[in-house]
Amino acid sequence: MISHLTRTERNVAMTLAALLALLGLTMAAVGNHDPMAVHGFMALGLGLVLVFAVGGVLEEPLPNPARLLQYYDDPIKVGIVLAMIWGVFAMAIGLWVAALMVWPDATFGQAWSSYGRLRPVHTTGVIFAFGGNALIATSFHVMQRTCRARLADQLSPWLVLIGYNLFCLWAVSGYFMGITQSKEYAEPEWYADIWLVIVWVTYLVLYLRTLKRRAEPHIYVANWYYLAFIVVVAMLHIVNAAALPVSWTGAKSYPAFSGVQDAMVQWWYGHNAVAFFMTSGFLGMLYYYLPVRAQRPIFSYRLSILSFWGITFFYLWVGSHHLHYTALPHWVQTLGMTFSVMLLVPSWASAGNALLTLNGAWHRVRDDATLRFMFVAAVFYGLSTFEGSFLAIRPVNALSHYTDWTVGHVHSGALGWLAMVTFGAFYSVIPQIWGRPAMYSPKLVEWHFWLALAGLLTYVFALWNAGITQGLMWRTYNDAGTLNYSFIDSMEAMRPYYITRVVGGSLFLAGICVGAVNIWLTVRGARNAAADRPLSPQPAE
Amino acid sequence: MALFKAHYNLEKNSIALVIGIILAASVGGIVEIAPLFTIDETVETLPDMRVYTPLELAGRNIYIREGCYACHSQMIRTLRDEVERYGPYSLAAESQYDHPMLWGSKRTGPDIARLGGKYSDDWHVAHLINPRAVVPTSIMPAYPWLATAPLAVDDLGAHLAALRTLGVPYTDEMIANAPRDAEAQAIPDSAGAAGVTERYGEATTLRRFSGTPRLTEMDAVVAFLQVLGQLTQAPYAPDAMLEQP
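Respectively, the protein sequence lines represent chains L and G. Using the working numbering, read the first sequence as starting at 1138 and increasing by one per residue. Using the working numbering, read the second sequence as starting at 14 and increasing by one per residue.
Isolated chain L, as found in the complex:
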């Protein structure tokens, strides 16, 4: 793979790897006894490995110039493999934290394995490491195919991919050691946050440069969504991560905002991480792989436009629905609720557009588990966005907030939408870029589908029940006019649902393991078959 780099690219790669090692060495040296030093050693190790890897091919013959007429798929392959590794890891941790709520002593008395430290490992692992790698990998695929152009260069995709995974590694390993800003879905400390900005700017520049080379006059709708994902996540991250380190030689920092302003910034970020990471990016995926797999054009171009701008505009207003009845001023809550309800229109326009695209291809949905993954994803996208708008209504939120209903809602989105569409996209793209006629075993794809669906339904039904029971118990009054249940009563009532959740999680995890094995067998089998790489010799416009 590295030998495909040109001489200049190899030299630049060598320099960057050395710089990374130097950065790691500096962090390790100044960090002294701080956990930041551990992260320094990680960067140092990675930097050295890369120096040797690039150094080993530095003098090898130059690559064949004909490759520039083909798509550049190596980073996509690596991204998919990384996404699957992170996915299995993060979902296994998820199963563990679910088990901890039934068997709280399953921490084995260790600090690193207590619930509070494992929980962000699970959330970051699934959303950012699994989801993020899936988004980066598929975006590299979609942008090349829909632009009919090769990636703008061969080095920056690796910068994005390796840099992003270093961020994920820092984040996840940091939680084990107790390094956290405690901002939900934005827990990593200041140096990891700065690192992510560098990676993200590289990503945006690469995307724009590749779009510039396109052989199509129009930018396809999937790219709008990927662009919104990149641009808005950058905006959210920079504002929400504003913090002042206690010292430059340690991990601990204090976020710039406090109290009510911090709460609002946090949920403006938090809900739009859902919107632009977990929705916009994956809609980009859906808009490409679903029509390709169904062999049908997108139902309505105009609906795509309306839903795209609706989502991009409305979502940024809705974060305050996480703060109903709190010390946040009432007018902000009202705005959040109103826009949350309005948001249903563009959300359902997207879901409807996807489902109507399947008209005329329903027999494929029936026969092809890969397309069925994406069909279920579109259905759960519609269900989750409806549920989201519903839960954002103030009186509904009075009951649902702080309960497991919210957790169920997030999982209906994360399992039902995010993971399902990713699996559909992966099963579509893997045979193509590895040059195989199909996945190793279509039967295992079926198995994965049914395990995932069974796990998903078990999980969300358990937590719907849990959440509503909890919410009702907290507000039940007896005839004497006093609260009928103690808090511990409501917690004991959760036990059957928490056990059911462990079952649902196990099924889903079993599904992704089956998927990982199938992907591994596909990649390993029948080597050296010619990859499908449609040429695009046309010059850019």
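Read the hints as simulated data drawn from the structure, not as lab findings. Treat each hint with caution, since some may be false.
Subject to a maximum C-alpha distance of 35 angstroms in a straight line, what follows is the list of computed DSBU-like cross-link-like pairs (lysine-lysine) [claimed, not checked]:
| id | chain 1 | residue 1 | chain 2 | residue 2 |
| --- | --- | --- | --- | --- |
| 1 | L | Lys1580 | L | Lys1349 |
| 2 | L | Lys1349 | L | Lys1214 |
| 3 | G | Lys25 | L | Lys1349 |
| 4 | L | Lys1349 | G | Lys18 |
| 5 | G | Lys18 | L | Lys1214 |
| 6 | G | Lys131 | G | Lys119 |
Over 10 angstroms on every C-beta distance to chain L, these chain G residues come out as not near it, computed from the model [said to hold, decoys possible]:
| id | residue |
| --- | --- |
| 7 | Glu24 |
| 8 | Leu49 |
| 9 | Trp136 |
| 10 | Ala139 |
| 11 | His140 |
| 12 | Ala146 |
| 13 | Val166 |
| 14 | Glu186 |
| 15 | Ser203 |
| 16 | Arg221 |
| 17 | Gln246 |
| 18 | Tyr249 |
Predicted model, so just to flag it, every value in this text is computed and none were measured. Heads up, the beta-carbon is just placed ideally off N, CA and C, and yes, glycines get one too.
Got chain L; can you put chain G on it based on the hints?
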């Protein structure tokens, strides 16, 4: 339609598309967040609101480190059942010095915004070492290492200084004496005890929170838990003290 025609041209220009996305996505945040910094009524003015002592701040940082906020909220909503269960609803001013806020989003365990003073120190120590020793059906993890890990106090001055830069009213004396104050608050018969009361007010609690002579992380965590909801008395006597500026 002209609008779709305009879009037809927009989607041929990647930079215009990016600018369009930035513009569309900026409005919500500007309208909802910016005024929270400028409208004075957003945060009430409470005359008796005090800052965290260094020991309480250290406890708060351990609370963050262990991810306690994932299961315990610190935000009592303006709902009858919450006020009856947990106490007076939370005011914005109560978390005005909280970088970050710990309002939370989930109650696997109960809200703890007004936990301070509800239980004895001994109860907290026993509960943190093994929750099931005092609440048999609890599903909270055990934190036995808090009782043995020595508390790091040396850099607390730098912590206070960082917070002052962000707007928390710590004085020069508080910053200079932070490590000593942290120790003295948990060892009340020591020489520095008078300084803690002098700097942080008469209402500050000085005692051996962990019940042991060594200064451990347990002291800090229990000191923090015991001050929750006690930084100001305004929520408990609202009309007398809640004066808008």
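For each hint, the structure was consulted:
Restraint check: the Cα-Cα separation between Lys1580(L) and Lys1349(L) comes to about 41 angstroms, which exceeds 35 angstroms; the hinted pair is violated. Of the pairs offered as hints, the one joining Lys1349(L) and Lys1214(L) holds, with about 24 angstroms between alpha carbons and a cut-off of 35 angstroms not exceeded. For the given pair, Lys25(G) sits about 10 angstroms from Lys1349(L) by alpha-carbon distance, which is consistent with the 35 angstroms threshold. Taken as a hint, the Lys1349(L) and Lys18(G) pair is honoured in the structure, with Cα atoms around 22 angstroms apart against an allowance of 35 angstroms.
Distance hint between Lys18(G) and Lys1214(L) is unfulfilled; the C-alpha atoms sit about 38 angstroms from each other, more than 35 angstroms. Note on Lys131(G) and Lys119(G): the hinted pairing holds, with a Cα-Cα distance of about 21 angstroms set against a maximum of 35 angstroms. Not every CB of chain L is more than 10 angstroms from the CB of Glu24(G) (nearest about 5 angstroms), against its label as outside the interface. Interface exclusion of Leu49(G) from chain L breaks down, the closest Cβ pair being 5 angstroms apart, not more than 10 angstroms.
For Trp136(G), the non-interface assignment is confirmed: its Cβ lies about 15 angstroms from the closest Cβ of chain L, beyond the 10 angstroms cut-off. No beta-carbon of chain L comes within 10 angstroms of the beta-carbon of Ala139(G); the shortest separation is about 16 angstroms. Residue placement check: His140(G) keeps its beta carbon more than 10 angstroms from all beta carbons of chain L (closest about 13 angstroms). For Ala146(G), the requirement that its beta carbon stay farther than 10 angstroms from each beta carbon of chain L is met, with the minimum near 12 angstroms.
Distance to chain L confirms Val166(G) as a non-interface residue, since its nearest Cβ pair spans about 13 angstroms, more than 10 angstroms. For Glu186(G), the requirement that its beta carbon stay farther than 10 angstroms from each beta carbon of chain L is met, with the minimum near 19 angstroms. For Ser203(G), the shortest C-beta to C-beta distance to chain L comes to about 26 angstroms, beyond the 10 angstroms cut-off, and the non-interface label holds. For Arg221(G), the requirement that its beta carbon stay farther than 10 angstroms from each beta carbon of chain L is met, with the minimum near 24 angstroms.
Listed as a non-interface residue, Gln246(G) keeps its Cβ farther than 10 angstroms from every Cβ of chain L; the least gap is roughly 17 angstroms. Against the 10 angstroms criterion, Tyr249(G) stays outside the reach of chain L, whose nearest CB is about 16 angstroms from its own CB.
Comparing the model with each earlier hint shows violations of hints 1, 5, 7 and 8; every other hint is respected.
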